[in-house]
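Asker: Below are the chains, spelled out letter by letter.
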Amino acid sequence: MLPRTLYIRPSDLTKALEALEEHGPGARVIAGGTDLIPSMRARTQLPSCLVDIQGLGLDTITRTDGFVRIGAACTFSELARSGIIREMFPVLREAASAIGAVQTRNLATIGGNLSSAVPSCDSAPALYVLKARLTLISLRQQRAIPVEEFFQGPRRTVLAPAEILAWIDVPVPPDRSGSAFLKIGRRKALTLAIVNAAASVCLAKDGSTVEDATISLGAVAPTPLRARKAEALLKGCTWSEELVKEAAWVASGETSPISDIRASADYRRELCKVLVRRALTHAWKRALGGDQR
Amino acid sequence: MKKRGKGIACMFYPIGFTSYPNPGSAFVKVNQDGTAVVFTGATDMGQGSTTVLAQIAAEELGIRYEHITMVTGDTEKTPFDLGSVASRVTYIVGNAVKRAAHEAKRILLEVAAEKLGVSPDGLCAGDGRIYIKGLPERFLEISEVARIAQMGKGRPPIGSGSFNPITTFLDPETGHGKPYGAYVFATQIAEVEVDTETGVVEVLRIAAAHDCGKAINPMLVEGQVEGGISMGVGYGLFEEMVLDNGVVKNPQFTDYILPTSLDMPEIRVGIIERPEPTGPFGAKGIGEPSLLPTAPAIINAIYDAVGVRIRELPATPEKILKALRETDQGKA
Amino acid sequence: MKRAIILVVNGTEHSVEVQPSDLLVDVLRDRLRLTGTKKGCGTGECGACTVLLDGKPVNSCLLLAIRCEGRQITTIEGLGTPDSLHVLQKAFIDNGAVQCGFCAPGMLLSAKALLDENPAPSEMDIRQALAGNICRCTGYVKIVKAVSSAARTMSGAEGGGR
Amino acid sequence: MNGSAIGVSRPRHDAVLQVTGRALYGDDYERPGMLYAKALRSRHPHARILKVDTSRALKLAGVKAVITAEDVPKNRYGFTHLDQPVLADDKVRYMGDVVAVVAATSWDAATEALDQIEVDYLPLPAVFDPVEAMKPDAPKVHGDSNIVSHIKIRSGDVTEGWRISSEIVEDVMRTQVVEHCHIEPHAALAELTDDGTYVIWSTVQRPFLIASDLSRILQYPMNKIRVITPAIGGGFGGKNEITIEPYVCLLAAKTKRPVKMVLSREEEFCGTTVRHPYIVKYRSGVTKDGKIVARQVEIISDSGAYVSWGESTLSKASIHAAGPYFIPHVRIDGYLVYTNNSIGGAMRGFGVPQVGFAYECHMDNIAAVIGMDPLEFRYKNLLTDNSSLPTGQVLEFVTLRETVRKAVELVGWKKEVEWE
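Here the protein sequences come in this chain order: A, B, C and D.
Per my numbering, the very first residue in the first sequence carries number 1; after that it's consecutive.
Per my numbering, the very first residue in the second sequence carries number 1; after that it's consecutive.
Per my numbering, the very first residue in the third sequence carries number 1; after that it's consecutive.
Per my numbering, the very first residue in the fourth sequence carries number 1; after that it's consecutive.
One should not assume that every hint holds.
Derived Cβ-Cβ restraints for the label pairs, each shown as a range [claimed, not checked]:
{"#": "1", "chain 1": "D", "residue 1": "L122", "chain 2": "A", "residue 2": "Q45", "range": "32 to 42 Å"}
{"#": "2", "chain 1": "A", "residue 1": "E149", "chain 2": "D", "residue 2": "T105", "range": "48 to 58 Å"}
{"#": "3", "chain 1": "B", "residue 1": "P275", "chain 2": "D", "residue 2": "R174", "range": "31 to 41 Å"}
{"#": "4", "chain 1": "B", "residue 1": "P275", "chain 2": "D", "residue 2": "K74", "range": "44 to 54 Å"}
{"#": "5", "chain 1": "D", "residue 1": "I147", "chain 2": "B", "residue 2": "D244", "range": "22 to 32 Å"}
{"#": "6", "chain 1": "D", "residue 1": "D53", "chain 2": "C", "residue 2": "D54", "range": "49 to 59 Å"}
{"#": "7", "chain 1": "C", "residue 1": "D54", "chain 2": "A", "residue 2": "L288", "range": "37 to 47 Å"}
{"#": "8", "chain 1": "B", "residue 1": "P277", "chain 2": "C", "residue 2": "G156", "range": "26 to 36 Å"}
Think about it this way: if two alpha-carbon atoms lie no more than 30 Å apart in a straight line, the pair counts; the simulated DSSO-like pairs of lysine-lysine are [claimed, not checked]:
{"#": "9", "chain 1": "D", "residue 1": "K256", "chain 2": "B", "residue 2": "K2"}
{"#": "10", "chain 1": "B", "residue 1": "K319", "chain 2": "A", "residue 2": "K188"}
{"#": "11", "chain 1": "A", "residue 1": "K229", "chain 2": "B", "residue 2": "K322"}
{"#": "12", "chain 1": "B", "residue 1": "K322", "chain 2": "A", "residue 2": "K245"}
{"#": "13", "chain 1": "D", "residue 1": "K152", "chain 2": "B", "residue 2": "K319"}
{"#": "14", "chain 1": "B", "residue 1": "K2", "chain 2": "B", "residue 2": "K319"}
{"#": "15", "chain 1": "A", "residue 1": "K229", "chain 2": "A", "residue 2": "K245"}
{"#": "16", "chain 1": "D", "residue 1": "K51", "chain 2": "D", "residue 2": "K152"}
No wet-lab data here; the hints were simulated from the structure.
Predicted model, so just to flag it, every value in this text is computed and none were measured.
Think of the CB as a built atom: it goes at the ideal place given N, C-alpha and C, for glycine as much as any other residue.
Pulled out of the complex, with its shape left as it was, chain A reads as follows:
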């Protein structure tokens, strides 16, 4: 028993954009619907019109020179199953597999996950550490932005009315780099993150100096965040357990978690330290492993 709404299934992206434009701010894009439908049921979202972006060619994963383009309507099942993702971005595969359960992953899309902009969004930390760029398209313009500029707050993004998140470009990571995603929820599946974390490590040729590191955390701030101070701490230093532990402490200090029904702010901060350390360590092992990014 959902609130009544119009439904449009455009035949191509331009028609979808036109439909959004025509129906004004009440129009909403629907992809997987796993977030939108419960919101409509709860009457927290009352779209006047749904514009379906499935079947517009936005559900492919293609490898191009230097990056991989992931369509926003790509489901998490497709991501988890994709050979390209498995081979090149295990961190993204881990995040995709951590979402909901099989049924959810068969419907939910990466674009939808990002656009819903809940702080516990599992795909964002992985995309942060992969330095992904999002392409947003409206009838007037097409713009590409770094993923971390996308979020503005809980359930708020930079998407303008009548603008669609169309695809995500993920650069191919450099050699000697690795990344990993970890999540702690309240059970092993079908759960929202209490904290999720992703990290990537790129080692110098000597195999022990950290050339670059990125750390991202979710559910500990109004939006997913980059722990830049912790990253800076790691850069140029020789890898050691002590260093990683310190970076994890620093990263935890960069968060601003809230206490809610799922966990207290204190617990979330504690988990940040553990998850960042573990994610960094895992990423480092992958970086050492060479081709296993």
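Please build the complex by placing chains B, C and D on the supplied structure of chain A, with the hints as guidance.
Answerer: Frame of chain A, contents of chains B, C and D only:
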């Protein structure tokens, strides 16, 4: 670091309502082809009681299980039953069904006795036949006996039965009395692994040894135990309906956490059978008791693993980690 | 604004008039009278309403019926009938994998999708595949056992599964 | 005997129907001309109802009837205490109280009509903590005291017990509010037949209780009330009492059409019974050789807004609070307390899971204090054949020790155990 521990919990649990009379009743009719219908008010909400009651009727009548039809859960078509509560159906309604079946069988035995030239007490029913005790080759098919009883002798083989455990109310000042007819017992041992950095608990294994008098249907008994354990895992680790000034804060499965298939441990069930003299074929019950020892066994295993005692359920990772930190500080 | 659509359910085409806001679960249950698909939560968190969409398990309470036009929908009624049970259904019965039975239709369809993709799943594969189907009765032990046993039956007797 | 039906793992009698989706549960039933009912629940945890105006709702398209407390012939029910209204009249006492129920030609119309029912409330001070509620100056949920019952069990003399103890160990434990979460929500369908019989299909564990309660609530003879239980999607005590059946009956009578009602998952959480949260205090005395000689227990059970099964639950909890151990000196006090929280009802274990958690954790604490292995400590104190309980009941056959040995056989224990 991950640390492992084992915890034990024992329990005893009564079968049937506390003090109040809680009768069950049943009607049985044997058709002239030797099939039978059992009418009882007991309702099966998933626990398998109707199947168990059919087995009891089949055994008592000596009729094949497949030839028993159960009519249940209709207040107009069936005699009174107090309900599928208090782990009482196998014990109480089982006895009622057994008594009703016994009464119907008595008619069959009397009719068969005349044909076989022995006294009814010298006869047995089993495998769809009525035969002379110790001389199974001298028998009559129940279908034949039922036909003769009904159409020849004009005595339809029917029976009714009821059962109510003998109980008393408690003295209001001392609490003394006999509130229950029968008791069951159990012990569970849980083995857990606790992540000392996150407080996350993984239940690795649970052994569940349950006395149910006699397992009329071992597969269903195991199912009750396994299901009870999943509810116990939820009770111990996950589930909590949060009320804030009377408002439920988590009225959805999003934030009311039930165990999924990935959260359940390996379960090893052991059934202890020491027949209860007042139970049907020695059976008692299993429904509720199965969940009882699980949560404390897990909490005790957490204590064994990391030395912290959780006094408020559920034992969330957050509570465990907090307790761990307090213990560490206590040591420092 | 009602619209006539064709839904292909268990291989049969059904013409139904739907509102865009009508959920697949309600259309299946109320309009097509396929009540084997159950409603447990309405928010995609119990899995009782699981159906297969082009062979993949999805929560039909999260799916607008209008979006399913032209796609293959399989409900529990399409898995097997009392006279001709699917191997999984037989295994669920024999292994005592069903208690109250309310989660069984969704559980069976998730299991079917798993075995279609992975005929020899490990216990962990099975538990992963069923994690979106909550069962409050069984503790999952006998369900996992049933799926595992069905997988063995199906691989042992080629064509035994349907 | 060959072919015995006992001890055989038969599949469920209805398993074929269940696995093929043919088993019909509550919401799977429908009758021609059927209406759909939705309930309006309280907006306050505690408030006086000044006025209920249903006139605007009744004017909506599709709405066929609205019932309020005035429509209920006998507006109180309960097993030990007739304290619960079918529809709230003088007051609402928790957020789940139902004020009105609408029957309409569709779920949508019934849901929309709820917004059009105007209820004037006078909010009253509320109490949510059972310990606070026990105090004399706490807001009263019913009458002039929130303490509904005090259950006492006395055996031996605990003062003597403390005297002969070498160690005394104390613990306070708390348990949480738990919902049954049967995956099938409550569903009921009522039809008033031409011969004046109410036929009610309802997913309940106790059809005869529903019939007798309906008979009293509707003031209608039991031979004209037929309750049928379809396939039931789990109960666990949550489908133990009357809930929505009076609504569908009253609406069926008012509209002369069959009426169906199904609770949403949110209503299952907010408007049905839960497992009582307990605060349990334990005090036990042990001798040097590890024998428990005395145990004192205090239980505070939060009944919520009504008693429901609270008193019988507390009684069962109290009877079992000493645990499966032979203890000569026992004193147990259980208190059932009204609050403006959700109603505690029957749930699998009926009070014993709460005390079971507490006494078994308490046992481990005592074992730690006296430096004994928790298993050996239990084994030493377990009830055996012909042990007597604090109630004086003697248990002839006790298999506790067998269960301990069996559990150890299945997964082992921390150390080798030598059985006595």
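Asker: Checked against the structure, which of the hints given earlier come out wrong?
Answerer: 8, 9, 13 and 16
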